[in-house]
Structure formats: C-alpha cells, structure tokens
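Novice: Using the sequences and the accompanying hints, generate a full structural model.
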Amino acid sequence: NAGVTQTPKFQVLKTGQSMTLQCAQDMNHNSMYWYRQDPGMGLRLIYYSASEGTTDKGEVPNGYNVSRLNKREFSLRLESAAPSQTSVYFCASSEDYSPLHFGNGTRLTVT
Amino acid sequence: GIQVEQSPPDLILQEGANSTLRCNFSDSVNNLQWFHQNPWGQLINLFYIPSGTKQNGRLSATTVATERYSLLYISSSQTTDSGVYFCAVRLQGGSEKLVFGKGTKLTVNP
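Protein chains in written order, with my numbering: chain A, 1 to 111; chain B, 112 to 221.
Treat the hints loosely; a few may be bogus.
As the list claims (entries may be wrong) - Below, computed lysine to aspartate or glutamate pairings styled on EDC-like, alpha-carbon distance capped at 16 Å:
{"#": "1", "chain 1": "B", "residue 1": "K213", "chain 2": "A", "residue 2": "E95"}
{"#": "2", "chain 1": "A", "residue 1": "K71", "chain 2": "A", "residue 2": "E95"}
{"#": "3", "chain 1": "B", "residue 1": "K216", "chain 2": "A", "residue 2": "E95"}
{"#": "4", "chain 1": "B", "residue 1": "K216", "chain 2": "B", "residue 2": "D121"}
Since the hints were made in silico from the structure, they are not lab data.
Specialist: Have a look at this one:
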C-alpha cells in the first residue's frame, strides 16, 4: 500500500518557469489537499478538493492552480514560478472525520 | 479565521523524561489531529482526537473541546521522538479545511 505518492521529490526552477507537482493516493479517499511549509510558518493550505470534480481555495492560493483529475490524482501547477514560491510542498488525503495522510513532500527552489 | 496556538515553541529533554505539549484553539472544532514531523521531513499522523483521550504506546492525547485545548503527552522520551509536533483543527460547521498550528520543536538528547 503506497498511500500518498508525490512527484518529483526535488525541483529547481528559474523565475518565470512553469511546472506541475503530481499527487496520487490509493486509499480511495474523497478529500485531497495541497499544503506548503515554510520555516516558522507551519503548514498552510493552498487548495483542497472535497470530492472528485470540486476544488476550493485555501489560505494561500495566489500563483497556483489545481486539477482534480480523478478520485486518485490531484495536481498543483505553478504557471510562472516566483522566488516566494520556494518551499516544501505536501499533498495529503483523507476521508471525512478520519486521519489525514501526507505524502513525503516536494522540495522546490525557485531562483 | 480560527486561531491555533501551540506551546511551548521549543522543548529540549533528556532521554527518559516526560513532556506535555499543548494546543489551544479559538473556536469550536469537529476535527483535531496531532502529527509528528521527523528530522527527514516526513509527517506522520499520531492521533485523530476531536474529543476525549487516546493512548498509543508511550504517547497519549487528550482533547477538551468545551475548553478549546488539546494536550499531547510523551512519556519516557527517546531520541527518535525528536522532531516537530503539529496540531491541526477543523472549524465546526466550516469547510473541509484543516488549519495547522506552528508546531512544537522537540529535541531529545541521549
């Protein structure tokens, strides 16, 4: 059982480049989330999807877009990367009223 | 929005000591979870505990929802307990969002 799988693990971008972070879960969960983690800031929610076909903004959505491709997959896209988007990105999934499961994270550096 | 405050921000212990971590929140919640982030960055769910008390080995947690706080107890600490402990809550009657506190960094020395 793989749980939540994120790719890539590491990425370096130049300002203005675009990229998509991939996330897939094999636990048949309805809800999926993207968080970013910055030093001293804890985890902040970027976007979430309560079910297939729906997405909603979190605390820090600016500069990001998401796609809930199907029940398993939830991708995060940076259209024009900025240095302020340097962070560690975590994908997570859960069912209602049950524990949240995280992937291992993607460390992104924007130069 | 809901505020989540964790204390202390930093904690240093000798192996074998006990500790209590606290999470205060500003509104009624229907979901509260504790996580451990190990030194390699992995986030592991410790407890799903919107109310009541749970125990898992040397760790236990108590949430008093009416008083808007939760406590995580670590007994006989080991060096592998080092890392950052986060609590996260979801507002009752709110959306799916889980809001995280800023964490407590625990260092257990041998």
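Novice: Decide, hint by hint, whether the structure agrees.
Specialist: Here's how the hints hold up against the structure:
1. For the proposed pair K213(B) and E95(A), the alpha carbon gap of about 24 Å is over 16 Å, so the pair is violated.
2. As the CA atoms of K71(A) and E95(A) are separated by approximately 12 Å, the hinted pair is consistent with the 16 Å bound.
3. About 28 Å separates the Cα atoms of K216(B) and E95(A), which puts this hinted pair outside 16 Å; it is violated.
4. Distance check on the hinted pair: K216(B) and D121(B) sit about 5 Å apart at the alpha-carbon level, within 16 Å; holds.
Consistency with the previously given hints fails for numbers 1 and 3, ordered from lowest to highest.
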